[in-house]
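Construct the entire structure; sequences and hints are all you get.
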Amino acid sequence: DAGVTQSPTHLIKTRGQQVTLRCSPKSGHDTVSWYQQALGQGPQFIFQYYEEEERQRGNFPDRFSGHQFPNYSSELNVNALLLGDSALYLCASSLAAGGLFRNEQFFGPGTRLTVL
Amino acid sequence: DAKTTQPNSMESNEEEPVHLPCNHSTISGTDYIHWYRQLPSQGPEYVIHGLTSNVNNRMASLAIAEDRKSSTLILHRATLRDAAVYYCILRRLTGGGNKLTFGTGTQLKVEL
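Those protein sequences? They're chains A and B, same order as listed. With the first sequence counted from 1, adding 68 to any position gets you this note's numbering. With the second sequence counted from 1, adding 31 to any position gets you this note's numbering.
Source of the hints: derived by calculation from the structure; they are not laboratory data. It is possible that part of the hints are untrue.
Claimed, not checked - Restricting the straight-line Cα-Cα distance to at most 25 angstroms, the calculated cross-link-like pairs of lysine to any residue (SDA-like) are:
hint	chain 1	residue 1	chain 2	residue 2
1	B	Lys34	A	Asn171
2	A	Lys94	A	Leu79
3	B	Lys34	A	Leu107
4	B	Lys140	A	Phe174
5	A	Lys81	A	Gln109
Here you go:
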């Protein structure tokens, strides 16, 4: 059973560019969350998708947007990249279980984004 | 979100028990206590969670104080593979989602 997968593993972009990161949830999961982890810090919640809608959002600007597809996979898009966007981007999936969101989250290995 | 306080780092010897403390004095009655850990170069992984009673699973035990203002994650026999950052997180059960609010966690070092 494949766990959460993310692509690409590493990415280098320049300031002002746009980037798209992809995530496939663990089999049977229907909820996807995205987190940003700067070096030496804990992950920071960006947003969560369930039933193809953004359900919760952290304190991130509108440059960060996402999408969830009917197969539950998800994309994170970041526009107008800044140097400060350099981080590890983690995707996590879980099972909403009727919208109660009781279950733990399973994390992928992350995408390391470097902005030059 | 209610905040948690953890020591920045702890050290242990292999094969010995480890007690990782967490203070959460502003916890509310509906907040669950979750523990995740993050091994080097990996995403976080779920360890255990509880509400009021102590909990055990194959990875660890969670001891929750009677007033719920603190908790302790117990690794019964630490191994080198347990070296990781351990995060104590409070999560309120709502129908709106299950976001996790991470702090900086406790870096656990395990030595031979």
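Do the hints match the structure? See the list:
1. B:Lys34 to A:Asn171: holds, 21 angstroms
2. A:Lys94 to A:Leu79: holds, 23 angstroms
3. B:Lys34 to A:Leu107: holds, 21 angstroms
4. B:Lys140 to A:Phe174: Holds: Lys140 (chain B) and Phe174 (chain A) sit about 24 angstroms apart, inside 25 angstroms.
5. A:Lys81 to A:Gln109: holds, 22 angstroms
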